[in-house]
Every structure is written in C-alpha cells, then in structure tokens.
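Residue numbers (my numbering), protein chains in the order written: chain A, 1 to 221; chain B, 1001 to 1049; chain C, 2001 to 2230.
Derived lysine to aspartate or glutamate pairs resembling EDC-like cross-links, with alpha carbons at most 20 Å apart: (1) Lys2212(C) <-> Glu2139(C); (2) Lys2212(C) <-> Asp2137(C); (3) Lys2219(C) <-> Asp1043(B); (4) Lys2101(C) <-> Asp2034(C); (5) Lys11(A) <-> Glu21(A); (6) Lys2212(C) <-> Asp1043(B); (7) Lys11(A) <-> Asp89(A); (8) Lys2212(C) <-> Glu1044(B); (9) Lys2065(C) <-> Asp216(A); (10) Lys1034(B) <-> Glu1044(B); (11) Lys2219(C) <-> Glu1044(B); (12) Lys2212(C) <-> Glu2136(C); (13) Lys2101(C) <-> Glu1008(B); (14) Lys2065(C) <-> Glu2139(C); (15) Lys2219(C) <-> Glu1048(B); (16) Lys1011(B) <-> Asp2032(C); (17) Lys1011(B) <-> Asp2034(C); (18) Lys2219(C) <-> Glu1041(B); (19) Lys2219(C) <-> Asp2137(C); (20) Lys2212(C) <-> Glu1041(B); (21) Lys2101(C) <-> Asp2032(C).
Computed footprint of chain C on chain B, listed as stretches where at least three residues anywhere in the stretch have a Cβ under 8 Å from a Cβ of chain C: (22) 1020–1030; (23) 1037–1045.
Quick caveat, the hints were computed from the structure, so don't treat them as lab data.
C-beta atoms are modelled at their ideal positions from N, C-alpha and C, and glycine is treated no differently.
For reference, the chains in residue letters:
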Amino acid sequence: MIRSASAILRKDLRLEARTKESVPAMLLFSVTAFVLFHFGLDRDSLDGELASGVLWVTLLLASVIGVTRLFAAEREQGGIDGLLLSPADRTGLFLAKAAALFVYLALVELVALPAFTLLLLGPGLQPELLLILLLANLGLASVGALVSALASEGRARELVVPLMLLPLLTPLLIAAAGATEPLFSGDGGPEDLGRWLGLLSLYDLVFVLLSVAVFDYLLDD
Amino acid sequence: MPALPLDEAGKYVAGAYVVFVALILIYVAILGAKIARIAREIDEMASEK
Amino acid sequence: MTYARGLKPLSIATVVATVVGFALVFFYAPVDADQGFVQKIFYVHVPMAIVALCGFVAGGLMAIKHLRSRDPSWDMRSYVAIHMSIILGLGVLITGAIWAKASWGHWWVWDEPVLVSFLVVFLLYCVYYPLRFSIEDPERQARASSVFAIAAGAFVPINFAAVRLAESFTHPRVLSQTGGDLPGEMRLTFLVCLAAMALLFVTLWKLELTSKHAAMSLKRLRTRLAAAPS
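Generate the whole structure from the sequences, applying the supplied hints.
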C-alpha cells in the first residue's frame, strides 16, 4: 500500500509541476485576497484577531481551489479505472491524494505567509506558527481529499466542494485562528495554545481515521 | 435580559409555535399529496389490467 | 419491509404527547423570572434542536449500516432521517431567531454556542441534496450519500465542542436556558415536549418511509406488469 501510495503521489506531484494547475492558482488567490482585504478593511496593517482571521480565512478559501482539482485528472480522463485495485490500494490512493494536497498547501504557505507579513501583518511571524500550520495542513489535507473524492462522484463538483468543505473546516478554522491570534498580538503570550492545538489534534485524528475508514466505499466502480 | 410585557412577548411566542406547527403541517400535506398520487396510480393500474 | 408497523400507536402517542406538552407549557410551567413569557419559546426551540441533531447522528449510523450491509433500505432510512432533520433544523434557526429578537432585540446573536454551531451544521447538511442528486447511478448515489452522512455525523459533536470552546473565551457563559438547573415544573414540561418532538420525528419518519417504499414497489410492479404478457 505504501508503495502504490508513493507511486501515485510522485505521479501527482510531477503532473502538478508540469501543468501548474493548482498551486499557482491557490497562491495568486491568496495574495490577491490580501490586497482585497487591504482595500476592503481600509487598513495598512493588521494584528491580533483580525490578522489571524484574515490569514486563515484566506488560506481556507484558497484550499477550495486545490481541493476542487485534486481528483479532476482522474475523473476527466478516466484514469481512475486504471487505479482501481484492492482496498489497500484505495487507502493508498487516499493517502497519496491527501499527501499531495498537503504538499500544495505547504508550498502555497511558503510564499503566502511572507506575502502576508509584507503586506498586512503588523507584528512578525513566530516559530509556533509552524506547529499550528502543520496540524492545520494535516486536517485540511485529509478533509480536502475526502471532500474532493465525494464531490467528484457527481456532476456538480465545483458547486459541492465549497459548500461541503467550508462548513466542515469550521472547527479547524476556530482552532487555528484561536491559536494564531496571540501570536499576532503585540503582547504575545500563547497561554491558550495548548487548548487550541488539542482541538486541532482531535479534529485531525477524527477526520484522518474517518477518511481512511470510509474511503474504500467510494470509487467502488 | 428584559422581560417584555405580556402582549408583546405573546406575539413572539405565538410566532415561534406557529412556525413549528406550520412546518409540520406543510410536511404532512406534501406527504399526503404523494400518497394520493400513489393511490391514484394503483387505481389506474388496476383498471388497465 | 413493513415500515407501517406500529404507526398507529406511534401516531396516537405523538398526538397525546404534543397536546399534553402544549398544555403544560401554557398552563403549568411557571413564567420565567428573567426572560418572562418569551422563555416559553424554549420549549419548542430546544427539543427541535436536540431531535434534529440526534436525527443527523442517527442518519450517520444508518449510513454505516448501509455501507456494511449494502442494503439500500438502510440508505433510504438514512436519507429520510437526514431530510427530516434538515427541515427541523430550519425550524430551529427560525425559532432561534425569534427568541433572539424577543430576548436581545437582534434577529441573530453569536452568544448562544448551540445556535451558532447549529447554523454551521445546517449549512453543511444543505449540501446533502446537491451531492445526492448530482450522481445519477443509484448505487453510487447511495454510497456517496452514506459516506457524507457518516462524515457529517461525526462532525456534529466536534463542531459543537469547537464552537463552545471559542465562545467560552469571548463570551463567558452566563447561565443559558439550554443548560443549568431547571425548576421541577419547567423540567417536567421540557421533558414532555422533548418526548413529543422525538415521537413526532419517529412517526413522520416512518410515515415518509412507508410512502417512499410504496412508491418504489409500485414502480417495480409497473415494470413487471409491462413486461409480462397479459
């Protein structure tokens, strides 16, 4: 299973490197959103909960783009028929897709965060942010892969993905933004970090396990 | 939390209960229409056959 | 599959419980000291919310049975449970807004974590219909719906915990009507109303299942009649 998963992952990453369909779009969207927020909020710099909220909502909305495209290649070109093998391989498919989404998110954040700091953020970035990003990406990746597979079963993928993904991500948003807020405040002091990280970890645990358990029943052509 | 005078508060409370009853009744009405259609189709089939 | 079994006693129980519940609300339960007469909305709003949430979770459990048994009747049960919970959910949001307006003067407040988390859950389940009806093949439609029902069902408690956690930081929870201790008469009234709502849900659930099953059997009979030479 690990072998087929890494094979699929490598194929996806190579495809993305060549066609550049997801990551540039997510990145461009993020930076554009920051600019829009500058105009919409009429602020030169943000801090505290406003900064935290703008950052996380933007990342979440950007992830919709990546999630919509995650299973696109398989569905459109019928590549999925070639992939359908044992249930172990289907779990491997899920892991591969989630890992790919994780990589895309990490790449986007690599550029979007400095952009955010440059454009809007008052205080600087803190290292704890990395931990929050890691846990958040984990949740985003697994829920995103599940939603992408589900939405791809039908004809209305572009409608279904945002409608399904965004409510499901609400607890993740609450936890991530809550954890980030003290990091972006002038006085800092991440006292509640543990609680928010706990919620994030719980969310990740439930949804990774659930997605793995349930994924076999999808793509059961 | 303010305690509204009885007549004003009464309107809101009545509104809430009316919403509840209306939802149920609309649901039952739609269900009734479906069942009526099934019954009609059965009659048609019985007469066709 | 006779869904209609037990329907008559259930309906009678529902009517009795509902009438008794309404009577208790308006003739027996005392008027609340703080909120006044407006508090009576609580007896219809909160049972609706509880039953709707249980309906969503039950829909998820039925979906698990469907995936494991591949029996389409479980999918139908799951679909009807979720469908009805969505309708109840609409009622929760409307009665919640009425309560908010009467209590605080705004049609919506972010103070009540139950109401807020319910909004998110409701928004999520609204995607159930577009998801279902965008898939044509009935087997895949049923399977995708079940997968969603399970994920969404698991989501309900996590979302509630998250919203509760968030609200506890910004709005320290003053004793809200949804928790805390109720005086005896109020508690009895609440429990009767809760039972009535639950009975109502189960009765209507069975009723809709009976109707759906009849429609399907009719369709099957029809094709059989058309195929067989008279």
